[in-house]
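Next come the chains, spelled out residue by residue.
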Amino acid sequence: MTAVRGRLLTLAMLAPALAFVLGVIAYPLATALWFSLTSVQIGGAGHFVGLANYRFLFGLGTYGDAVRNTVVYTAGSTVLKALLGMLLAFALARPFPGRRLVYAALFLPFIFPADVGAVAWYYLFSNVHGGINYLIQRDVAWLGNGPLAMASLVTVNVWHGTALFTVLSLAALRSVPRHVLDAAITDGARWYQRFLRILLPYLVPGLVLAALLSVLGTFGDFVFVHLITGGGPANSTSIVGTMAFQVALIDGDLGLASAISFSVIPVYLVGLAYLLRLVGRR
Amino acid sequence: MSVLKRLAGGAFLTVFLIFSLAPFLWMIAASLKPGDEQLIFGNPWWAASPDWSNYTKLLVSPLFLRWALNTASVLLGTLALSLGASLLAAYALAHRRVPRARLLVVSLFATYLLPSGLLWLPMIKVVQALGVADSPLALVVTYPGLIIPFATWVLWNFFRDLPPDLVEQARLEGAGELRILIQVLVPVALPVLAAVALFGIAITFNDYLYGLAFLSAPDAQTLISEVAHTSVDLNDTGFTFAAILLGVAPIAVFCAFFADTYAKGLGTGVID
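First to last, the protein sequences are chains Y and D. My numbering puts the first sequence at residues 125 to 406. My numbering puts the second sequence at residues 22 to 293.
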C-alpha cells in the first residue's frame, strides 16, 4: 500500500514538468512533423503527401538560397562572437576599477528584449536619418544590397550574442587552478605556450557550449532577420526561419512551411549529440 | 610588454563597450523626443532639450498600464510555473526511486535545444485548444516548455551532488516530501534557483515569435511583444521607447549584474 502511494507521489511530482514538455514540446513537434508530410493549408485540412513537400523544397531555388544564407549568417556570427567573446573574457579576467559595471554593460544586450534591440538597430542602419549615417556623415544604404545587409545582420547578432561567449569563457577561465598557471610562468612558458597548453584545454568546454548554443540559436533565428531586413533585398538575407514564416502566413502553405522548419533537424541532432557528449562526462 | 598588453586590452574593452551600449543611447534619445522626431530630424544620439512628455503620458495611459500588467503576469507566471515544476521533478528524480531517472533527465534536457521555429505553428492550435488564444496566458502556458527541460537538468545536478544525509535525516524526523523540498532543499538551492530564473527571464525577454504568433489584440500585448508587433513601423517612436525604458529596461539592467550566476547555471555539467 505504501509502496503504491510512494510511486503515485513520485508520479505526481513529475507530472507538471512532463505535462509541459509533452503538451508544448512533444505534441507540437510531432504535429509539425505530420504537417510536413501533408498538404495542409491555412483554413483547409490537407491529406498525406509523403515526402512531396521535401522533394519540392529541395528543388526550390529560394530554399537553396535560404539555406546558404543561413549558413553564412550562422558561421559569420559564431566565429566573430567566439573570437570577440574570448578576447573580452581575457580583458575582464583581471580586476580593475569599475569592472563589475563594465561586465554588466557587456551582458546587457544579451538579456535585453531581442525585438526591441532589432527595432533600434533597424533605425540605426536606416538611410533616412539613420543613427550610423548621421555619425559618419555619409549616405550608405546599409540594408540596401545583399552582402552589406548580411554584414549588418551579422553585426546585430554579434551585438546581441557575444556576451554568451564572454560569460562562458570567463567561467571556464576561472576554473583554471591558479597554481597550474603560476607553475607555467615560473617554468618560463611563453604566453602562446601558456595559452595553447594550459588555458585552451580549460576553455574548450565553455567555448564549445557557447558555440553550440550560438549555432542552434542563429540557425533558428527569426527576430533579427524578420525585423531588420525581412529577408530582403530580393531574398538575399532570407534564412530558413523567415522563409518558413512567410510560406506559412503569407502563402498559407502550412505543409511546406513545416517541411522548411523540419529540414534543419539534422543540425539540431548533430548539436545535441555534441552537447550530450560534453555533459556525458558527468 | 605587460603595460602595452593591458593598454590594448583596455582599448578593446572600451570600443566594445561603446558598441554594446550605443543602441541604448539611441533609445534614450528617442524616448526624450515627442512623437517621431527621432526618425526625422535632430541628432539621433542626443536629446538637446529633453522632452519628458512621453514618460508623463505613460503614467496615465491605460494601454501602457495594461501592457505592463501583462508583462508582469507573463514573467511571474512563467517563472512560478517553470521553477515549481522543475523543483518537483528534479527532487523526485534525484531523491526518489524513478526507473531510468538518468535517461529521463537527459531526454528532457535534449529538448531544450529545440528551435522554437519548429514548434510555433502547431502551437497555435494548442493555444486555441486551451482557450488562451490572444491572451497573455498563451505565453504563460508555452514559455515553461522552453525553460523546464533546462531548469530540471540544472536542479537535478545540484540535488544529486548534495550530501544524501540532508534528505535522509529530514525523512527520519518524519518530514513530508513537500516540506523537505521547501524547507531543506530550496534554501540551499537559492543560487541555483537564481541562475534558473535568469535563464527563464532571458527566454521570456528574447522571445519574439510566440508573442507574434499567439497575440494579436492590442489589449493582449506585453511591453515586449507590442514594440514590433506588426513590423518595425512604429506609431510613436518616443512613446514606444519610453514604455520599454520605463517598464522593461530596469529588470534587464538588474539581471545584467548577475552574468556570472547565469554562466554558472548554463555551464552546469560542462564547466566545473
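Rather than coming from a laboratory, the hints here were simulated on the basis of the structure. Be aware that one or more of the hints could be misleading.
Said to hold, decoys possible - Some chain Y residues near chain D, calculated using beta-carbon distances under 10 Å:
| hint | residue |
| --- | --- |
| 1 | His171 |
| 2 | Leu216 |
| 3 | Ala242 |
| 4 | Leu248 |
| 5 | Asn269 |
| 6 | Ile322 |
| 7 | Tyr326 |
| 8 | Leu402 |
Said to hold, decoys possible - Chain Y is faced by these chain D residues, among others (derived, beta-carbon under 10 Å):
| hint | residue |
| --- | --- |
| 9 | Ser74 |
| 10 | Ser103 |
| 11 | Ile169 |
| 12 | Gly288 |
From the three backbone atoms N, C-alpha and C, an ideal C-beta is built for every residue, glycine too.
Under 10 Å is the threshold here; is the Cβ of His171 of chain Y close enough to any Cβ of chain D for the hint to stand? At about 17 Å, which exceeds the 10 Å cut-off, the nearest Cβ of chain D leaves the hint on His171 of chain Y violated.
Checklist line | chain D contact restraint on Ala242 of chain Y - CB to CB distance below 10 Å | finding: holds (7 Å)
Q. Against chain D, is Tyr326 of chain Y within 10 Å by beta-carbon distance?
A. Where the cut-off is 10 Å and the nearest Cβ of chain D is about 9 Å from Tyr326 of chain Y, the hint holds.
Check: Does the CB of Ser103 of chain D sit less than 10 Å away from some CB of chain Y?
Finding: Since chain Y brings a Cβ to about 8 Å from Ser103 of chain D, closer than 10 Å, the hint holds.
Per-residue hint verdict: Ile322 of chain Y, partner chain D, C-beta under 10 Å
violated (16 Å)
| Measuring from the C-beta of Leu216 of chain Y to each C-beta in chain D, is the shortest one below 10 Å? | Status holds, d = 7 Å.
Restraint outcome when Gly288 of chain D is required to lie within 10 Å of chain Y by C-beta distance: holds (5 Å)
Next on the checklist: Hint Ile169 of chain D vs chain Y: min CB-CB distance below 10 Å?
Outcome noted: Holds, about 5 Å.
So, as I understand it, the hint says Leu248 of chain Y touches chain D; can you test that by seeing if any CB pair is closer than 10 Å?
It holds, given that the least Cβ distance between Leu248 of chain Y and chain D is near 6 Å, below 10 Å.
- Query: With a cut-off of 10 Å, does the beta carbon of Asn269 of chain Y approach a beta carbon of chain D closely enough for the hint to hold?
  - Reply: violated (19 Å)
| Minimum beta-carbon distance criterion (10 Å), Ser74 of chain D to chain Y | For Ser74 of chain D, the interface hint is violated, since the closest Cβ of chain Y sits about 20 Å away, which is over 10 Å.
field: Restraint satisfaction for Leu402 of chain Y [CB to CB of chain D, less than 10 Å]
entry: holds (5 Å)
In summary, the numbered hints that this structure violates are 1, 5, 6 and 9.
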